[in-house]
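Trainee: The task is simple: from the sequences and hints, build the whole structure.
There are 2 protein chains.
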Amino acid sequence: MRPHLQQMALSLLPDPAAASRPELRAFYDMLRDYPERGGKGLRSELLLLSARAHGLAEGSPGWERALWLAAALELFQNWVLIHDDIVDDSDERRGAPALHKLHGVSLALNTGDALHAYMWAAVQRAGLEGGFREFLSMIHRTAEGQHLDVSWVEHGEWHLTPDDYLDMVRLKTGFYTIVTPLRLGALAAGQPPHPDFEPAGLALGAAFQIRDDVLNLTGDPAKYGKEIGGDLLEGKRTLVVLHWLQHAHETRRHIFLDQMRQSRTDKDPAIISDLLGWLLESDSIEYAQQFAGAEAARGLTLLRGALVQAPDQSAASELLALMDTLTRREA
Amino acid sequence: MRPHLQQMALSLLPDPAAASRPELRAFYDMLRDYPERGGKGLRSELLLLSARAHGLAEGSPGWERALWLAAALELFQNWVLIHDDIVDDSDERRGAPALHKLHGVSLALNTGDALHAYMWAAVQRAGLEGGFREFLSMIHRTAEGQHLDVSWVEHGEWHLTPDDYLDMVRLKTGFYTIVTPLRLGALAAGQPPHPDFEPAGLALGAAFQIRDDVLNLTGDPAKYGKEIGGDLLEGKRTLVVLHWLQHAHETRRHIFLDQMRQSRTDKDPAIISDLLGWLLESDSIEYAQQFAGAEAARGLTLLRGALVQAPDQSAASELLALMDTLTRREA
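As you go down the protein sequences, you meet chains A and B in turn. First residue of the first sequence? That's 1 in full-length UniProt numbering, and the numbers climb one at a time after it. First residue of the second sequence? That's 1 in full-length UniProt numbering, and the numbers climb one at a time after it.
Hints are not guaranteed to be accurate.
Which copy is meant is left open, because identical chains are indistinguishable; a pair holds if it fits in one copy or across any two.
Within a straight-line C-alpha distance of at most 30 Å, the following computed DSS-like cross-link-like pairs (lysine-lysine) qualify [unchecked claim]:
| id | residue 1 | residue 2 |
| --- | --- | --- |
| 1 | Lys223 | Lys40 |
| 2 | Lys101 | Lys236 |
| 3 | Lys101 | Lys223 |
| 4 | Lys236 | Lys267 |
| 5 | Lys101 | Lys267 |
| 6 | Lys223 | Lys236 |
| 7 | Lys223 | Lys267 |
| 8 | Lys40 | Lys101 |
Quick caveat, the hints were computed from the structure, so don't treat them as lab data. Computed from a predicted structure; not experimentally measured.
Mentor: Set out below in structure tokens:
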């Protein structure tokens with residue numbers, strides 16, 4: 001993430017040195033923890049590229065507004081990650097222990113709630129007509145996607161098709177990763193967002209998430225920042241797994257589903273390691289990569305069309321290149 | 001709560017009948033669950049009384065604005081209760097099972113997050129200059145109070161004085177229950193909030209919470225809506241318990257603290273029942289009642305002074321009477 005953007009986000013949070021009690025100092029430190037870990041800043045970068053493509057010059061009077069919206073997106077990402085890490089009982093985030101592993105679920109949950117409110121402070125600071133509604137809509141879609149994802153795990157639901165997966169991933173990832181940043185960039189530049197930003201962003205978001213699911217199985221632990229195979233431990237429904245289940249031998253399918261019925265802590269590491277091996281040697285990884293490639297191509301074509309009239313074609317090219325890299329990413 | 005207000009809050013939430021998938025229908029039902037359970041609507045009532053006392057007539061053009069702020073306060077209460085019930089692992093809420101007991105922690109956590117965003121939709125709908133900042137400040141104070149309360153439990157902290165308890169309860173309860181409703185009512189009527197609303201509201205909020213802590217030990221289960229003795233199971237630091245610990249026999253103190261070191265599920269129901277008996281037969285209940293009475297009297301005097309110039313003295317009297325009843329409540 002751009003250091004300046006990170007500083008803006010952090011500037012909204014209370015200063016630990018000014019806390020009235022040691023416990024509150026600890027709380028203020030918790031609020032800053034995930035934002036200080038940084039992250040790629042992908043969504044804020046996309047927003048700023050979209051603003052530039054729509055004619056808002058870096059450093060122009062309206063640029064500050066775009067920066068606050070970008071800071072708000074990063075704060076959104078941070079509070080959602082704190083809560084997601086609790087729900088998934090993830091061990092790590094950005095190469096360090098997850099917040100609830102450091103401080104317990106209750107204090108981490110409360111920190112996520114407070115950070116959610118600080119996100120609105122950033123939205124308010126931007127003062128953009130329509131920005132408020134964009135954030136509301138983004139949160140609602142993301143929460144719907146999260147509900148699908150988690151309810152399948154909670155209810156042991158495995159009768160799912162690739163279409164079900166796509167419904168989930170569009171809602172859970174597509175809006176907040178691509179659609180909303182594209183739209184906010186346009187709005188910050190005073191332009192109406194192109195209607196194709198939605199189908200383009202949902203396709204690109206799906207491609208991005210499918211690659212992420214694959215990296216969770218095949219990635220380099222040093223680069224990936226999360227535990228490899230974590231999705232298996234969490235019983236996540238991914239395109240790889242859903243495809244594999246449709247084609248696996250009955251015996252292996254049975255062993256797989258049996259493990260998935262166990263809670264994370266009751267899962268057998270040796271069997272999980274076998275499952276990982278079966279997935280890696282199957283053609284389901286290749287199927288998912290192909291699927292992601294097709295979604296990425298479709299999304300890029302739509303996005304190219306939507307940006308063809310954009311005032312700053314150099315920024316539009318940068319944006320398309322970022323999207324291209326993103327959906328091919330290896331870490 | 002006023003049925004009209006409840007309808008306004010519910011009108012912001014998605015319609016389960018319009019859900020695109022059965023899982024999302026279940027999610028929309030979860031969003032409506034706590035708001036549909038109702039509740040006393042104390043904070044919204046206080047806001048509306050404050051608005052009337054400040055000269056905003058019921059049904060006047062500005063009244064709608066006050067109603068949306070009141071609906072937002074009720075939505076705030078609802079998302080916070082969903083998350084608090086998770087943190088405290090409460091069994092019941094408003095006479096029915098807590099949301100996470102019905103659907104699991106993960107789905108309930110996500111529902112609380114989404115309801116948090118719908119709260120902001122209500123604030124936005126009110127369109128009151130300054131309303132946004134009031135809600136931000138209220139959430140921040142409440143989260144600080146929650147951090148104190150929960151961090152003491154998590155860290156096994158019992159070296160606490162009545163002043164520590166008051167710090168916590170003012171932050172956790174005082175702002176959102178009294179200070180913010182009073183201030184929002186004034187702002188909705190176009191008046192600057194009186195500076196004494198803060199000290200008055202914090203004293204009244206403390207009185208209210210201390211009574212609630214006592215009711216948690218002595219209340220009528222049918223009227224109280226939560227489990228009697230639940231605070232003991234959750235290891236809550238209350239004024240009653242802190243006072244009792246200062247005066248208890250060494251042996252009983254030791255037994256008490258030993259139980260408090262156990263997790264909720266590991267606590268021994270028979271011993272907890274003994275502890276409850278010791279608290280009830282001690283003079284700590286009386287001490288807390290006296291303390292609450294003194295805070296209530298101080299708060300009422302300050303509030304009476306702050307409202308002496310209010311345009312609608314009849315509404316101001318109603319407001320003072322509500323505060324008086326509230327801090328004497330028995331259910």
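Trainee: All the hints need checking, so say for each whether the structure fits it.
Mentor: Verification of the supplied hints:
1. For the homomeric pair Lys223 and Lys40, the shortest alpha-carbon distance inside one copy (12 Å) is at most 30 Å, but the shortest distance between copies (52 Å) is not.
2. Taking the shortest alpha-carbon separations for Lys101 and Lys236, both the intra-copy value of 20 Å and the inter-copy value of 22 Å come in at or below 30 Å.
3. Taking identical chains as interchangeable, the C-alpha atoms of Lys101 and Lys223 lie at most 30 Å apart only when both belong to the same chain, with a minimum of 21 Å there against 38 Å between chains.
4. When the C-alpha separation of Lys236 and Lys267 is checked against a cutoff of 30 Å, the pair qualifies only within one copy, where the shortest distance is 14 Å, while the shortest distance between copies is 34 Å.
5. For the identical chains of this complex, Lys101 and Lys267 are neighbours both inside a copy (19 Å) and across copies (24 Å), given an alpha-carbon limit of 30 Å.
6. In this homomeric assembly, Lys223 and Lys236 come within 30 Å of each other (Cα to Cα) only inside a single copy, at 21 Å, whereas the closest approach across copies is 43 Å.
7. Taking CA atoms no more than 30 Å apart as the test, Lys223 paired with Lys267 passes inside one copy only; the shortest distance there is 26 Å, against 44 Å between copies.
8. Taking CA atoms no more than 30 Å apart as the test, Lys40 paired with Lys101 passes inside one copy only; the shortest distance there is 22 Å, against 37 Å between copies.
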